[in-house]
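Chemist: One-letter residues, chain by chain:
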Amino acid sequence: DAKTTQPPSMDCAEGRAANLPCNHSTISGNEYVYWYRQIHSQGPQYIIHGLKNNETNEMASLIITEDRKSSTLILPHATLRDTAVYYCIVRPRGATNKLIFGTGTLLAVQP
Amino acid sequence: NAGVTQTPKFQVLKTGQSMTLQCAQDMNHEYMSWYRQDPGMGLRLIHYSVGAGITDQGEVPNGYNVSRSTTEDFPLRLLSAAPSQTSVYFCASSYSGGGVNTEAFFGQGTRLTVV
Numbered sequence: 001d002a003k004t005t006q007p008p009s010m011d012c013a014e015g016r017a018a019n020l021p022c023n024h025s026t027i028s029g030n031e032y033v034y035w036y037r038q039i040h041s042q043g044p045q046y047i048i049h050g051l052k053n054n055e056t057n058e059m060a061s062l063i064i065t066e067d068r069k070s071s072t073l074i075l076p077h078a079t080l081r082d083t084a085v086y087y088c089i090v091r092p093r094g095a096t097n098k099l100i101f102g103t104g105t106l107l108a109v110q111p
Numbered sequence: 001n002a003g004v005t006q007t008p009k010f011q012v013l014k015t016g017q018s019m020t021l022q023c024a025q026d027m028n029h030e031y032m033s034w035y036r037q038d039p040g041m042g043l044r045l046i047h048y049s050v051g052a053g054i055t056d057q058g059e060v061p062n063g064y065n066v067s068r069s070t071t072e073d074f075p076l077r078l079l080s081a082a083p084s085q086t087s088v089y090f091c092a093s094s095y096s097g098g099g100v101n102t103e104a105f106f107g108q109g110t111r112l113t114v115v
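One line per chain: the protein sequences are A and B, in this order. Position one of the first sequence corresponds to residue 1 (this note's numbering), numbered consecutively onward. Position one of the second sequence corresponds to residue 1 (this note's numbering), numbered consecutively onward.
If we strip away everything but chain B, and leave its shape as in the complex, we get:
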């Protein structure tokens, strides 16, 4: 049971490049989310999903796209990277449980630098 796996762990991009951050979970969780964390700040929600085929925007969605074709995977796409997107990105998953409160499990993060 690997939990939530994020790849890559580190990435350097040039301004204008595109890339996809991968997130996979093996706990059969319906809920998945992407957060970014800037230095000295808490995590901010980018996009989230309540199940395959269903996604929605969080607090800071601009510049990012997501899709959820399977329960296991929730990739985050940067369309045209900007220095302002330099951050640490965390993926999380949790069981919806029909509304029963359960914990969210987080990956170890992807550290992205845009130059």
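Same shape as in the complex, but just chain A:
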């Protein structure tokens, strides 16, 4: 299983874009990049996932480099409610029942 590396913490001003990086240099060809977040010890919440193309949904955008060794989650207009721990997870297709969580990035959105 590919290991991910994320910065332990980041700050972002409210209303600005939050860019959360993730390194997954050992990712395999059949592995997807998933992002989840956990707000104040609640259950984790799915954000987005992708294989090799950039993805966008109502919550965020996911940019995956061409060599797939790193990715960036973008929250376009961060709000105080986006303060959370963000987890980058790399898993094979369909393995949604065996997620491997690291320690994630604590994003603090400042007013």
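Keep in mind that the hints were calculated from the coordinates and are not lab data. We put the beta carbon where it would ideally sit given N, CA and C, even for glycine. All clues given are correct.
Take a look, some chain B residues computed to stay more than 12 Å from chain A by CB distance: (1) Q11; (2) S18; (3) T70.
Listed next, with one range per pair, are the computed distances between beta-carbon atoms: (4) A:S9 to B:S67: 36 to 44 Å; (5) A:P111 to B:T7: 35 to 43 Å; (6) B:R111 to A:Q110: 22 to 30 Å.
The hints should help you fit chain B onto chain A, whose structure is shown.
Modeler: Only chain B this time, still in chain A's reference frame:
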């Protein structure tokens, strides 16, 4: 549609006691999993199931038992509680979809303290 429901939300046990953490989902998901989260750490997988009657061990299975008699329910049993099992426990479910990627839905957690 309640999603994933965990009970109880809080529990205090004495060392050596046994108990069952309940997890139920109403989304007809084949996949269900149990995770534990210790302070300052990410979630770690305890046990998981790919369908009724089928379970398997995750990263940290020792001290826990599971069974899956129905699609909806996936209880986690602590046989003899130890202080090291003090943690927050999360249950999750997802649709297998024949391998199509879908999101995992998590419950709100059970906060367990063993004294």
